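**Q** Each chain, written out:
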Amino acid sequence: MNSLRADRSDIAAGAGAMVPWLAGIVPFGLVIGVSAAQADVPTLAGWLTGPLIYAGSSQLATIGMLDGGAAPVVVVASALIINIRLIFYSATMARYWRGTPRWWRLVAAYLIVDPSVAVGLDGYQRLGRGRGHAHYLGGAVVLWVSWLAAIAAGAMVGASLPAWLHLEFVIPLYLAGQAVAKLAKPAQRRAIVAAATVALLALSAPLQLGTALAIAAGVTAGLTAEVRR
Amino acid sequence: MSTWIVIVAAGLGSYLFRLSMILLTSRITMPPYLERASGLVAPAAFAALAAAGVAAACSGLGMTGAAAPLAAVAAAVIAVLRTGSPQAAILVGMPALWVATALLSS
Numbered sequence: 001m002n003s004l005r006a007d008r009s010d011i012a013a014g015a016g017a018m019v020p021w022l023a024g025i026v027p028f029g030l031v032i033g034v035s036a037a038q039a040d041v042p043t044l045a046g047w048l049t050g051p052l053i054y055a056g057s058s059q060l061a062t063i064g065m066l067d068g069g070a071a072p073v074v075v076v077a078s079a080l081i082i083n084i085r086l087i088f089y090s091a092t093m094a095r096y097w098r099g100t101p102r103w104w105r106l107v108a109a110y111l112i113v114d115p116s117v118a119v120g121l122d123g124y125q126r127l128g129r130g131r132g133h134a135h136y137l138g139g140a141v142v143l144w145v146s147w148l149a150a151i152a153a154g155a156m157v158g159a160s161l162p163a164w165l166h167l168e169f170v171i172p173l174y175l176a177g178q179a180v181a182k183l184a185k186p187a188q189r190r191a192i193v194a195a196a197t198v199a200l201l202a203l204s205a206p207l208q209l210g211t212a213l214a215i216a217a218g219v220t221a222g223l224t225a226e227v228r229r
Numbered sequence: 001m002s003t004w005i006v007i008v009a010a011g012l013g014s015y016l017f018r019l020s021m022i023l024l025t026s027r028i029t030m031p032p033y034l035e036r037a038s039g040l041v042a043p044a045a046f047a048a049l050a051a052a053g054v055a056a057a058c059s060g061l062g063m064t065g066a067a068a069p070l071a072a073v074a075a076a077v078i079a080v081l082r083t084g085s086p087q088a089a090i091l092v093g094m095p096a097l098w099v100a101t102a103l104l105s106s
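Protein sequences, first through last, are from chains A and B.
The first sequence: position 128 = 128 (this note's numbering), numbered continuously.
The second sequence: position 25 = 25 (this note's numbering), numbered continuously.
Next up, chain B with everything else stripped away, as it sits in the complex:
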């Protein structure tokens, strides 16, 4: 039940954010530091969720088991740095995960 309430509440809050300045409008100007902070939220959130997600994938696998997801992340990071394309993370990282998992379990 709480899952649905959470999603509705997050949706309602997001809609109010979208509507806020349109209804309040005109003379309100945002402080510059808040404007700068908003540009940093997405990269910080991506990094935090990625780190927590990788840690969750590695937890309980032991040193050998964790080597496959860590190798996949390393391959993905190198691919993005070399190509400049964020999509390269999945295109390179997932095959790297499958290959590393197969090698480690054989």
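Chain A on its own, in the form it takes in the complex:
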């Protein structure tokens, strides 16, 4: 890596490139904080999904399934299935991090998530490997701090708001919004419809296996659509 002094402007540029992403990410973090406060799990445990799992949809699934009383192995399996995309991101970043110190790879890998990869890749493509590291770090650290702060703020606000607001309904609405926004693409549409249908049919499945079954059905249905095209 280049010296940190030389990298300051690239760190700042990476941080700046992350700012537009925060408009969509901070509300998501607030929703997760609210869900942690409303769920039947310790609020600190809900917040800890931030630094430990550090991937929104997986965190939401973990909190929701723990709240619903799912078996521990099912919760962990579902969280990891949702996070399987991280392996692809890891493969994408590996080519830029080859030959870097081990400590850098350990830290940089921890910060891998959708926005940090997008901002990081842009930096590597525009600035090259040396300066790209600083650009990645700047964006990823801003994201990490904002994410954890948003979850903490949501958890504090969510615990003190009156019950008539039905804040627990924010989460299904948020998820429905995310799903509906992805209906335009045929494969995703098929995945969404199949997953929602199986989730409803499998509501009484033991160990809360319904969610994992529904995700598997949705992905299979989506892949079928892609093969037919």
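Think of the hints as simulated: they come from the structure by calculation, not from any bench.
Predicted model only: the values in this text are computed from it and were never measured.
Among these hints, one or two may not hold up.
What the hints assert, rightly or not - Here are the simulated lysine to any residue pairs, SDA-like style, with alpha carbons at most 25 Å apart:
1. K185(A) x T197(A)
2. K185(A) x L200(A)
3. K185(A) x L213(A)
4. K185(A) x S85(B)
5. K185(A) x L34(B)
6. K185(A) x S2(B)
7. K185(A) x T92(A)
8. K185(A) x R82(B)
9. K185(A) x A66(B)
10. K185(A) x A102(B)
11. K185(A) x A216(A)
12. K185(A) x I5(B)
13. K185(A) x V8(B)
14. K185(A) x P32(B)
15. K185(A) x P31(B)
Go by the hints and put chain B onto chain A.
**A** For chain B alone, kept in the frame of chain A given last:
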């Protein structure tokens, strides 16, 4: 106790996913179908969790009681379809829920 273990295990597994290809690196290429499947996991998970969450909110409320959350979901879906913004689901859905709940209980 198991709550903490679950969160730590999910976190550790997620970190290993992040580290996996960086440590194994170079020549391994992912099969294309797995790459396509990874793009479908998030929408499928969102849809499954949303459907289960709405069903949970409606359970035990009876036909009249369930009408408020269902109306809120309908309003949210229409708002997202019309605006193209996922955030519209909460901005429209929550006020719709409060109004429908107030109307049904009056």
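**Q** Taking the hints in turn, state whether each one holds.
**A** Hints, verified against the model:
| no. | hint | verdict |
| --- | --- | --- |
| 1 | K185(A) x T197(A) | holds (18 Å) |
| 2 | K185(A) x L200(A) | holds (23 Å) |
| 3 | K185(A) x L213(A) | holds (22 Å) |
| 4 | K185(A) x S85(B) | holds (15 Å) |
| 5 | K185(A) x L34(B) | holds (18 Å) |
| 6 | K185(A) x S2(B) | violated (39 Å) |
| 7 | K185(A) x T92(A) | holds (24 Å) |
| 8 | K185(A) x R82(B) | holds (16 Å) |
| 9 | K185(A) x A66(B) | violated (31 Å) |
| 10 | K185(A) x A102(B) | violated (37 Å) |
| 11 | K185(A) x A216(A) | holds (18 Å) |
| 12 | K185(A) x I5(B) | violated (38 Å) |
| 13 | K185(A) x V8(B) | violated (35 Å) |
| 14 | K185(A) x P32(B) | holds (18 Å) |
| 15 | K185(A) x P31(B) | holds (22 Å) |
Checked against the numbered hints above, the structure breaks hints 6, 9, 10, 12, 13 and satisfies the rest.
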